[in-house]
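Each chain, letter by letter, is given below.
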Amino acid sequence: KAGVTQTPRYLIKTRGQQVTLSCSPISGHRSVSWYQQTPGQGLQFLFEYFSETQRNKGNFPGRFSGRQFSNSRSEMNVSTLELGDSALYLCASSSTGTARTDTQYFGPGTRLTVL
Amino acid sequence: AQTVTQSQPEMSVQEAETVTLSCTYDTSESDYYLFWYKQPPSRQMILVIRQEAYKQQNATENRFSVNFQKAAKSFSLKISDSQLGDAAMYFCAYKGGSEKLVFGKGMKLTVNP
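Chain order of the listed sequences is A and B.
Per the working numbering: the first sequence = residues 1 to 115.
Per the working numbering: the second sequence = residues 1001 to 1113.
By construction, these hints were calculated from the structure, which means they are not laboratory data.
No experiment lies behind these values; they were computed from the predicted model shown.
Glycine included, C-beta positions come from ideal geometry on N, C-alpha and C.
Don't take every hint at face value.
To be verified - Just a sample of chain B residues kept apart from chain A, beta carbon distances all over 12 Å, derived:
#, residue
1, S1007
2, T1024
3, S1028
4, Q1044
5, R1050
6, Q1057
7, N1058
8, R1063
9, N1067
10, L1084
11, A1087
12, T1110
13, P1113
Stated by the list, open to error - Pairwise CB distance ranges, derived in the manner of DEER restraints:
#, chain 1, residue 1, chain 2, residue 2, range
14, B, Q1056, A, P61, 40 to 46 Å
15, A, G16, B, G1085, 38 to 44 Å
16, B, M1011, A, G28, 36 to 42 Å
What the hints assert, rightly or not - A short, non-exhaustive set of chain A residues, derived as facing chain B with CB atoms under 7 Å:
#, residue
17, P39
18, L43
19, E48
20, N56
21, T103
22, F106
23, P108
All chains should be modelled from the sequences, with the hints used to inform the complete structure.
Now the structure itself:
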C-alpha cells in the first residue's frame, strides 16, 4: 500500500500571498489530520477531517482552513501569509476515524517558507 | 487539556548500547493511547511503537520496548542494541477522546559509532 503523500514538498511564498497544500491519505483511510511543526512551538494540531466534515479544530486563526474531498484527499489553505507561518506542515491519515483505536500515519510534509 | 512532557531535549548513546527516553503526560481520561514517533533528518514522521492504556502489558517492537506506568503517567521508550539509523528526533504523543495527537517537544537522539 502506498503511504501518505503530500504535495508540494517545498514551497516559497511572500507575505500576503495565499497557499494551498495537498494530502492524499493511505488508500482506504477516511480521516486526515493536519499539523504544523515549528522549532519554537513544536507540533501543533490544526484540524481533522473525516468523511468530508471537519471534526476537530486546533487553536489557529481563521486564515488556516481546509477541506476534504469524497476520495478522502484533503487540502489545507493559508491566506494572507505571515512570516510566522513558515513551518513544516504534516498530514496524517488514519483508517476508521474511531478516535482512540486509530493510529495516525504521516506523510513526508510540505516545507513552507514565507519571505 | 492533556499535556505531554519530554524533559530531556537531547541524549546520546554508543552504538550497540541501550538507551531510555522518558515521557510523562497529564490527563483526566482513563482510556487513551500513547505513541512514540521517530523523525529522522528526512523529516518523515515514523511510528515506532504504541501502547493502549487499558493494557497492562508493555508493548514491544523488535529492539524497541516501552515501560508504561499508568498510575505515574509515565511512558518511557527503551532502545536496545542502538544502531546508527536510530539517530533522530523522538516524539512522545497522546491520543484520547479526540482524533488529535498531542505531542511532546521531542528529544534528539545521537548514536555514536
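Here's how the hints hold up against the structure:
no. : hint                        : in the structure
1   : S1007                       : 14 Å, holds
2   : T1024                       : 16 Å, holds
3   : S1028                       : 15 Å, holds
4   : Q1044                       : 5 Å, violated
5   : R1050                       : 6 Å, violated
6   : Q1057                       : 17 Å, holds
7   : N1058                       : 17 Å, holds
8   : R1063                       : 20 Å, holds
9   : N1067                       : 20 Å, holds
10  : L1084                       : 21 Å, holds
11  : A1087                       : 18 Å, holds
12  : T1110                       : 18 Å, holds
13  : P1113                       : 27 Å, holds
14  : B/Q1056 / A/P61: 40 to 46 Å : 43 Å, holds
15  : A/G16 / B/G1085: 38 to 44 Å : 42 Å, holds
16  : B/M1011 / A/G28: 36 to 42 Å : 37 Å, holds
17  : P39                         : 10 Å, violated
18  : L43                         : 4 Å, holds
19  : E48                         : 5 Å, holds
20  : N56                         : 5 Å, holds
21  : T103                        : 6 Å, holds
22  : F106                        : 4 Å, holds
23  : P108                        : 5 Å, holds
Hint compliance for this structure: hints 4, 5 and 17 are broken, all remaining hints hold.
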